[in-house]
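**Q** So the chains spell out like this:
2 protein chains.
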Amino acid sequence: MKGDPPLRLHVFDLNCWAIRYLSKRRQERMRLIGDMLHREDFDLVLLQEVWSEQDYSDLKVKLGGCYPFSHYFRSGVIGSGLCVFSRFPILDTLLYQYSLNGYPYMLQHGDWFCGKSVGLVIIKISGIIFNIYVTHLHAEYCREKDAYLPHRLVQAWELAQFIRHTSKAADVVLLGGDLNMHPEDVGIRLLRGWTGLQDAFVEATHFEGCEDGCTLVPNNCFTDKSEMLPFPLGIRIDYILYKAISSYMVKCELLKTTTGAAPGMDVPFSDHEAVMATLHIQRQEQAAGTTFGTAELTLADVVTEARTEVAVGLRVAQRQRYSSGRMAMLALLLLLLQAAATLGALVGLDAGQPFPKLSFCLLAFLAIGVLLLSTGLHLFHTMEVKMLRGTEEQMQMVLRALQECP
Amino acid sequence: MKGDPPLRLHVFDLNCWAIRYLSKRRQERMRLIGDMLHREDFDLVLLQEVWSEQDYSDLKVKLGGCYPFSHYFRSGVIGSGLCVFSRFPILDTLLYQYSLNGYPYMLQHGDWFCGKSVGLVIIKISGIIFNIYVTHLHAEYCREKDAYLPHRLVQAWELAQFIRHTSKAADVVLLGGDLNMHPEDVGIRLLRGWTGLQDAFVEATHFEGCEDGCTLVPNNCFTDKSEMLPFPLGIRIDYILYKAISSYMVKCELLKTTTGAAPGMDVPFSDHEAVMATLHIQRQEQAAGTTFGTAELTLADVVTEARTEVAVGLRVAQRQRYSSGRMAMLALLLLLLQAAATLGALVGLDAGQPFPKLSFCLLAFLAIGVLLLSTGLHLFHTMEVKMLRGTEEQMQMVLRALQECP
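Line by line, the protein sequences give chains A and B. Following full-length UniProt numbering, the numbering of the first sequence begins with 1 at its first residue and continues without gaps. Following full-length UniProt numbering, the numbering of the second sequence begins with 1 at its first residue and continues without gaps.
Quick caveat, the hints were computed from the structure, so don't treat them as lab data. Worth double-checking, as some hints may not be accurate.
In the BS3-like style, the derived pairs of lysine-lysine whose C-alpha atoms are separated by at most 30 Å in a straight line are [to be verified]: (1) B/168 / A/243; (2) B/256 / A/168; (3) A/124 / B/24; (4) B/225 / B/168; (5) A/168 / B/251; (6) A/168 / B/124; (7) B/62 / A/168; (8) B/168 / A/251; (9) B/243 / B/124; (10) B/357 / A/243; (11) A/357 / B/357.
Taking the hints into account, I'd like the entire structure generated from these sequences.
**A** Written out as structure tokens, the structure is:
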């Protein structure tokens, strides 16, 4: 009923940057994060980049008293890095692993080895069903020439589709995570447009924290200052997004970010700033109608823009598939030639000096190595082409549906 | 309203066995399948093992007049093999790729290379929302010692979870596909118990076709007769399952299977028999209540049984992870020894005869090969362990929830 007292929900979101052996002062920072979460009274904690299950277990032990319910999402070789702590019982969970996530040979970036995913937990508070999503999309390593944009767009699209399809019985949808996209980027406009999620920073009545709500700031001692040069205030890539379905209304009363070092400490919690939202959830008598017309037009523009980028990625992937296929064929040809030469030598057909055995062997091993590697690459790019084409077609289908809308 | 005329839906499901270069008389059979679908008046066609996109495109061209809407699900290196043809507009689609699907080194089985998935298409007929799922689970190659059982159980679990989470706004849920499980197998009991889906064969008022509804029968000229020896009638592994949510009721009026060779032909459509269901969908005034009590108890038993099997798989995967890790360490040690010997020879420390160059090189290449291979295997089994453990924990969570049920 409209007269029901509003529900107030405190949500915490942080990319913890907890990579074993690589992240600076990891154990100390994880301890600080645990202490702070124990001290503060959040209802829901959404964490990313908790790559080590041991770190999660330590947090679980420490926070068992105040956040009795938690879930760690397992996926990929290294893991998804995603986990959730909650004051309220977790009724159900589901994980969706993105179909594209960078390249296995980009070892210096390493995203491919993580099972980048979106995790869903369902909780019920005072009869209100919450679908809580936590995710972490592919990083952006070079904004000027972003080779991963098509993959990140596929991820944003799959995230939006997953939310749309799984949230139909939810009263409130909440998404927290490191989306690795600036607020004006096409991926975030696509995600928000296609799901109807609202940005807590934009909607917040009060805001406290880094200017413009930035979550990667030059002030933080762990951020790479050279990467921050074009953005003197920093960038905003960590979000809390929400929407109410059915007959509920959500308002963001207060949004906060941390601002570098933790209070009284010389070390920040992470290289990212945490985002904290206080949300008001109130039942309303009539469900708000969807705004048609201009909204659909804007969405069609965004989907078209995203589709163009995915198509660019598709052409690159097709070229790479072709090159790797050609390389595999050349290596196979070389091997066949060597086999023929060996056979010739065996039956005494060669007239001149036989090949030096060592170089001959080395060449054969090189050819086998190139053949295996380029075949692997060819298979990988074949899969990439499939997924990019599939996404492009899905977007095309949505565009047709939007155009047919009255 | 209760007085609305019932909707009659004709559904066709077939594993087409259309592997390019491998499946016998593929093109001829695909043509026959297309002709038959064009002739008959199905509303919905769910196909599996259409591995070649060209075969799908040919079908699409042929069936464009009678099934104007279709979708091909792309995933993995080879594809998902799944596609849907429909007389009614497809409103939306989603694909979920299973996290485990056999082993990359089991080349003779090859399941790993297919992106085994479940595809969802949403259609609306006379105001009734249908969530249509099509899937194909990992094959069973040896029933006595089924090494893939834990993977198939993870798939059955993920399938059930995906259906539960995505079908909350549907009026009718329909699943068709080759589940590679006998009707009494734990996986199918888990899937049916956890989703509430009903088996069209069991529920059908009338049945025509192979005895016991078998879909892999010795009569079919393409089936392996030696594999069929313990099952003289054949086995039933292809299903049409359904349920009504909200205030609808579904009844299976007629279930049919093909029986070997297509009418008037010497060749069957596939090595599997097709399953065809005529469903009656009727609105009812009051939604049927869920039956609690004994149903929950049986479900708890099934989840416990499935969890035990997953735990067995987990132990095997842990052993394989350990073995491959140890092999990688040994290969690394050999390489280090060789490097030390080379270094020693270079600075003139070796007293006796230097190693024969060729064997030394061959040994080094062998060590590198073993190192790469066993590292790859170690990473793969690490991922396998993660997914098996994740599923086991999810099942544990469900068991706790079931036990807490009143």
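**Q** All hints, please: hold or fail.
**A** Verification of the hints:
1. B/168 / A/243: holds, 18 Å
2. B/256 / A/168: violated, 34 Å
3. A/124 / B/24: It is violated: about 54 Å lies between the C-alpha atoms, which goes past 30 Å.
4. B/225 / B/168: Status violated; Cα separation ~43 Å.
5. A/168 / B/251: Holds. Residue 168 of chain A to residue 251 of chain B sits at ~25 Å (cutoff 30 Å).
6. A/168 / B/124: Roughly 16 Å separates the two Cα atoms, so the pair holds.
7. B/62 / A/168: violated, 36 Å
8. B/168 / A/251: holds, 25 Å
9. B/243 / B/124: holds, 16 Å
10. B/357 / A/243: violated, 69 Å
11. A/357 / B/357: At roughly 10 Å apart (the allowed maximum being 30 Å), residue 357 of chain B and residue 357 of chain A satisfy the hint.
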